[in-house]
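Undergrad: Here is what each chain is made of, one letter per residue.
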Amino acid sequence: MTTEHGDADAYEHPPWLWRTPEPKRSYDVVIVGAGGHGLATAYYLARNHGITDVAVLERGWLAGGNMARNTTIIRSNYLWDESAALYEHALGLWEGLADELEYDVFFSQRGVLNLAHSLQDVRDSVRRVEANRLNGVDAEWLSPEQVKEVCPIVDVSPDVRYPVLGATFQPRGGIAKHDWVAWAYARAADALGVSLIQDCEVTGIEVDGDRVIGVQTSRGPIAAGRVALCAAGHSSLLAEMASIRLPLQSHPLQALVSELLEPVHPTVVMSNAVHVYVSQAHKGELVLGAGIDPYNSYAQRGSFHVIEHQMAAALELFPIFARARVLRTWAGVVDVCPDASPIIGLTPVDDLYINCGWGTGGFKATPGAGWVFAHTVATGEPHPLNAPYTLDRFATGALIDEHGAAAVAH
Amino acid sequence: MLLIPCPWCGPRDEIEFHCGGQADVAYPADPHVLGDDEWAAYVFVRDNPKGPFAERWCHAAGCRRWFNVVRDTATHAILSVKLLDGTAVPA
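Sequence lines, in order, name chains A and B.
Quick note on numbering that gives the first Met the number 0: the first sequence kicks off at 0 and runs consecutively.
Quick note on numbering that gives the first Met the number 0: the second sequence kicks off at 0 and runs consecutively.
You can take every hint at face value.
Some chain B residues close to chain A (C-beta under 8 angstroms, calculated; not the full set):
{"no.": "1", "residue": "Met-0"}
{"no.": "2", "residue": "Phe-43"}
{"no.": "3", "residue": "Thr-74"}
{"no.": "4", "residue": "His-75"}
Sample of chain A residues lacking proximity to chain B, with all beta carbon distances greater than 12 angstroms (derived):
{"no.": "5", "residue": "Trp-15"}
{"no.": "6", "residue": "Lys-23"}
{"no.": "7", "residue": "Ser-25"}
{"no.": "8", "residue": "Arg-46"}
{"no.": "9", "residue": "Gly-63"}
{"no.": "10", "residue": "Leu-92"}
{"no.": "11", "residue": "Val-159"}
{"no.": "12", "residue": "Arg-160"}
{"no.": "13", "residue": "Asp-198"}
{"no.": "14", "residue": "Asp-207"}
{"no.": "15", "residue": "Ala-241"}
{"no.": "16", "residue": "Glu-258"}
{"no.": "17", "residue": "Ala-312"}
{"no.": "18", "residue": "Asp-349"}
{"no.": "19", "residue": "His-382"}
{"no.": "20", "residue": "Leu-384"}
What the hints contain is simulated information worked out from the structure, not anything from laboratory work.
All residues carry an ideal CB built from backbone N, CA and C; glycine is no exception.
All chains, please: the whole structure from these sequences, using the hints.
TA: Following this line, the structure appears as structure tokens:
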């Protein structure tokens, strides 16, 4: 079923991808949020654990939140052991995902460059390369000349304001087609018996004593043996329904695309110092992202000056883009943890589980997050890969501090 | 783009400001009695509402003074401005 990458428009979708059942009054597991993580969790609950009496509730439409609002970059070049293990597990799953789901996701391993522009950048980057290698993650340190070989359109001349002093390179990183990832998981989960219910907003979480017993929704109450929250930017609001305060702040994260261009950009380029990340989508748009707006927001729109800044950064690196036009901009609402790492695991309420806090980087983790979260929901215990990502770490002090270390400034 | 009314300098673009997060987070009155969970709550947990949110802003590229703003996080409307002593300022 896998087609050649780069030819998405020629691909024929099946006439339907999933059913649209009416919600039942009760399920073994209710997952809140039909984004990538919710859908992947549902799929792995069914596929790995045989739990199929599952409803995925979505207040809007399937994969219409952050799944439709990201820059689709996939990599596992994180600094800390816990992160490398989790994201590398995800990357391994990405590599087999189209075959596994029998549906193309256009995973293109075109490599990810993280540029260094200062001596400190160079030191941090080389350290991360070594840390990656010790964790079995493919990583190389490239000189400016080697950067030019991988991505000829990057300006590596020494006389620019922030010269490229080198880069880390993860050849197995790349991009995928986000809609197709969601549709592939949705179709596969549906085929295994999972109910995908859109236009169904969760308005309350029912707790009896210490345990969750169901949810209130815009389409009536639904009882549940277990409830799994996968709502990204809105996780604080959901958790509050069960009287749980999460260490999260929600911020707008913007991205934009250019008009369609001929293939000019063969890889993914990220830069912290000038702060932009750029790839070229299969169809031909340049996809550009930058940082979050500094203030809290649920408005799904960001500030114009952030766009201005990222465009300036992009032009510094890619003078060839000077005449490219912006086609559209958008923003997602991302939930940022104090240590820039996610929370995946148990909550103070029995049978209520949470997967949140992915901040600006949840897409790349989609298969891995779904895998370990499904394990947690199915067994009531964290998978070894998400055991460190407990909500308790903020009290114990065992933080996984990826701020600045994870090859992106959050 | 937010247009933020600095009490001293008047309305200015958000790029002149630094956002300091939630307002009125008091240092623990008796820190010695706090357990780990309470410290974690104080250090790491802040309100994250969808709607009115009281937050601190500093006019970093202007008068460099701090003040409080109640801003709606869903609409970006600025609902009120106060000095740090609680005095209301006409927005």
